[in-house]
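J.: Residue strings, one per chain:
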Amino acid sequence: MNLHEYQARTLLKAAGVPVPDGEVATTPDEVETIARAMGGGVVIKAQVHSGGRGKAGGVKLVENAAEARAAAEKILGMTIKGLTVNKVLVAPAAKITSESYVGIIVDRESQRPVIMVSPEGGVDIEEVAAKTPDKIFKLAIDPRFGLMPYQAMSLAFKLYDDVKQVRQAAVVMQRLYQAFVDAGGSLAEINPLITNDEGAVLALDAKISVDDNELDRKPAIAELRDLSAEAEAEIAAREAGLSFIKLDGYVGCCVNGAGLAMATMDLVKYYGGEPANFLDIGGSSNPEKVVTALKIIGADSNVRSVLFNIFGGITRCDDVANGIVAATSQMSFEIPLVIRLTGTNEKLAVQILEEAGFSALNDMDEAVEKAVQIAKEAA
Amino acid sequence: MNLHEYQARTLLKAAGVPVPDGEVATTPDEVETIARAMGGGVVIKAQVHSGGRGKAGGVKLVENAAEARAAAEKILGMTIKGLTVNKVLVAPAAKITSESYVGIIVDRESQRPVIMVSPEGGVDIEEVAAKTPDKIFKLAIDPRFGLMPYQAMSLAFKLYDDVKQVRQAAVVMQRLYQAFVDAGGSLAEINPLITNDEGAVLALDAKISVDDNELDRKPAIAELRDLSAEAEAEIAAREAGLSFIKLDGYVGCCVNGAGLAMATMDLVKYYGGEPANFLDIGGSSNPEKVVTALKIIGADSNVRSVLFNIFGGITRCDDVANGIVAATSQMSFEIPLVIRLTGTNEKLAVQILEEAGFSALNDMDEAVEKAVQIAKEAA
Amino acid sequence: MSIFVDRDTRLVVQGITGRDGSFHTSQMMEYGTQVVAGVTPGKGGQRFNRTVPVFDTVADAVAETGANTSVIYVPARFASDAIYEAADAGIELIVCISEGVPVLDMTRVIPFLREKGTRLIGPNCPGAISPGRSKVGIIPGTICREGNVGVVSRSGTLTYEIIHQLSGNGYGQSTCIGIGGDPIIGTNFIECLAAFEADPDTNAIVLIGEIGGTDEQQAAQYVADHVTKPVVGFIAGQTAPPGRRMGHAGAIISGSSGTAAEKMAALEAAGICVMKRPADVVSLLKERL
Amino acid sequence: MSIFVDRDTRLVVQGITGRDGSFHTSQMMEYGTQVVAGVTPGKGGQRFNRTVPVFDTVADAVAETGANTSVIYVPARFASDAIYEAADAGIELIVCISEGVPVLDMTRVIPFLREKGTRLIGPNCPGAISPGRSKVGIIPGTICREGNVGVVSRSGTLTYEIIHQLSGNGYGQSTCIGIGGDPIIGTNFIECLAAFEADPDTNAIVLIGEIGGTDEQQAAQYVADHVTKPVVGFIAGQTAPPGRRMGHAGAIISGSSGTAAEKMAALEAAGICVMKRPADVVSLLKERL
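Residue numbers (our numbering), protein chains in the order written: chain A, 22 to 400; chain B, 22 to 400; chain C, 141 to 429; chain D, 141 to 429.
With the rest of the complex left out, here is chain A:
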């Protein structure tokens, strides 16, 4: 789960990271009032879960409250990479004397959180990594000990010469790490970490992503989820315990298991088709999940056939069959279904389906080929 910039700023501030003032607004009126109270220049920043906000026109630096209002009118309601901007952050324009980068991710290879810093901040860090990898410094953190002061200092020396700023930055890094751990983070980033004209080190922009698996035990973090910032189908899928990602094709896919789901999409492509989605109904079977899955897939007007590919293990084929029968009787489902079932309770499932007027296949290739063919014929 991604947090908004303003939420990440709040968490960092609570962890003791120096963050410049800033307030969230949802209307141009509010923006104007806030800007007036701040006085002087302010920056207006769209709060959406997307990179490249600046390039998309979602970040504006303005001189006064009137300009702030005008900028807010443009930004609020705009669409950035398919996401509507409902909120903006208003912050005083900072007097920036340097911009660095500090980020923490969980690294698969070292199996540890890794902190990365670069004196090249304020830009896309992946570009820095690609063009000037020698300007990125990494350190794997032993989670049993946390980010120790000497480690933070040694990284901070890569950013600044002035030992006062080095010490400030080291403290920021340690607190960022603490905030990362406390939030159950998969990523925590300050970009840019600035120095201002008074020599202070401040976190100007912050980003935190949370491991979804942490949300159960971190209710305060789970409450930060902003449903208005997510696509409707993905919310419905998550609430039903499904993994769903919309794609641009026309063969709807409903599969149990992420690996098999990806392999099914690949096979759709292999047989000349285009998958409309990734959808994993998960391990434990439940007819309700199938109902939700069919509703989500059916809501996509591009879909011209729906392929079920179920390998019964924990998932029982009869549960899936019942789900299909229930869903199609509840709603008028016009899209043709191709069903492949094998494994646990396969025979029972076939019987349930046949009684309801469906037929079922046993072979994955055969099923995928048929689903592609039907979709192409319906074009």
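Please keep in mind that the hints were generated in silico from the structure rather than gathered at the bench. Be careful, since some hints might not be right.
[To be verified] With a straight-line cut-off of 20 angstroms between C-alpha atoms, the simulated EDC-like cross-links for lysine to aspartate or glutamate are:
| # | chain 1 | residue 1 | chain 2 | residue 2 |
| --- | --- | --- | --- | --- |
| 1 | B | Lys185 | C | Asp196 |
| 2 | B | Lys185 | C | Glu337 |
| 3 | B | Lys76 | B | Glu148 |
Got chain A sorted already, so can you dock chains B, C and D onto it with the hints?
T.: Only chains B, C and D this time, still in chain A's reference frame:
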């Protein structure tokens, strides 16, 4: 530094340990008011840094507010092992169905915090350890991981059969450990950990001792120090950076280094004398410390000679000599001094002392023997 | 023979009285796995299915039954504690089925296991099966067949699909292992490859990877350097869009080194035959054997 | 020879620009110790006494100067971080002089050092000196003399007193080590005894203990089992009252196994000659050599 029971209770409560209600009072009036508000039977407990409060009459169980007042009148102001009772804790009488022991100390041998539990609580745990060691269960905690749930559960199974109580006790142990670490503890103890007639697991009495070396970085804990509960000489010594412990003899000792101080005391005994104190003036030399040391030793009317034993390393002998001269000129110091100095700046020190009318020895045995002899002659 | 699980596997089931735990324990017992103990705090002294003794702690279970392997079916938020407990009790191999274990928990579990010298398979994995000998986890026994192909995979049902293809076409398996799809797992491809290479009863290896991370590339390098047996590979996620998560956390494309195309190229460069689709496993194996 | 510190000791001083650090660095340099580097964050690039290069980090110091030993003079609350830093930088021997290090810090430091394979002496100790070769810490060089007696002690100035007796009576030292008086220390008596036993230039060992803990009893057992060289012992604190703390944390009598009488008995049972007073060291050594 030892915390009072009521302070330890507050820390445990803040850490989420279930602790019965309880309030601190300093007058019988307050005790009566509190007891009336609580209704029913209450227990009145002297708040002093001493074991054996019960045996000394410092803990009373009473039936009502009037009896509470009467008990408070007896307890407040009484002396337990040389310490005056200034405060009492008033708590509702608990309906106890079982009493266990849970304690955490730092163990030298495993070099880790060790948690000990016993189903034999409410009594002196050292007696349990001596008489029925099989009723004490110990576990060394890896501080990199803390007290893990499965560890706490396995200990809690030694206390209770009912899994609900096991789970409650396991949570208490984990929170006690957290409180212990957060306070910078050298000991944290719940004795007894009770179950009441509703089956709840509660910490009825709590004890926390803090590592003095933690106080610098834990100001909130340092503030809990109760100067009124400490001997005056020890407060003065601590504030001057001296380690001082009063003993029952008559040869005052002023030494640099704890090991040498103990060896000096032993040598006093070896030559037939009795040391009046342990006093370590510490590593870095400072004439002010010597002044304070002489004041503290001089305040003990049993002292009939004062022995300085200084081995100059970091401590410079001339600093000690200056301190002696300064102290004896500031105050009328009637007790005879025997001074032994050797090591760093020894010659300069001897010169300073001789100019002020003192003589100095070089050999430890000679000095100790002389100090004992003078004290005996003065008897 | 086989790797990791075999006839000498003496299994303790952590979470034996739970919904998943009890179902799969019955399945494993039917398959012939030596399930010697179960653990559910508070149910010590009971028996599962009137036969398997249940204990309050893994330490008790190990002391009483000599269990050497554990399988974990507890809810995700308790899984890391269950792993610590098993490792601390002297269990040699832990198979963690639980899905949804927080990744930061795993960052702490890994060094603990390393100090103890304990092997972990998973979490978020289907476990391991040595057909005809022992099954630890949830891989359906019915689709497996005794034989000489080693199967190692990051996936669950996709693995079943490929085992199904193998068994249906006369290729039995020495051991099938699902290593789990999470970013941080206990046992990786390389450790399984090394074990298969050393196993006299394994003649060929099937490696099933997916997008995300660089484990497959490293595995490919290991095969090139150390594996003499024929290896056939598959990578799921050729059509997955970059930068999006596909169901489980393993499938994140991080930077430039996690795409299916790149992984397939790495496998091929290491001399591994790469399937275009799961059904190709049979023809490719035939070619190589 | 000698143990732990010698002519090949290449020392980095952590906290070289502080009050204690700079004073003792000068002393060590005068004594002939190879002080190759100092560390004070923010003073990297400067030189101490116009000769010793100062670095921002221990890692930099090791990379540039090949330091293999560090001595720590930083304030107590920064000491554990300094230890971690030195161990992480590949330092083989760390001597921590700082007094007042929180005990809970040490409980975490110890397993870190064990993983790294680093030896720590201290904290709260005077360090080690191999007379005529190298001095790391604060033991006054003037009281020492080259020779063949190994001295190991939990104390500071009491050690000086005994070294003073030895040197004044013709018994030079191979190495003198103060292991520190805190409850949790990096190197204990046994490790020093083993090193002295193995050192060809050590002919006899003086062990100086005090009340609190059971280190001396364990050391006695070790001497009985493994040490062939003559050992002379001293225990401070015969007159200390039970249950009170005597200055440093080492001197707590915990339970029944920390009294001076008990320790002296344990030493004697192990064949160690026990001094009644520090001055006895000379006559006892004479008897045994």
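J.: Decide, hint by hint, whether the structure agrees.
T.: Do the hints match the structure? See the list:
| no. | hint | in the structure |
| --- | --- | --- |
| 1 | B:Lys185 to C:Asp196 | 13 angstroms, holds |
| 2 | B:Lys185 to C:Glu337 | 49 angstroms, violated |
| 3 | B:Lys76 to B:Glu148 | 15 angstroms, holds |
Violation of the numbered hints given earlier is confined to hint 2; every other hint is satisfied by the structure.
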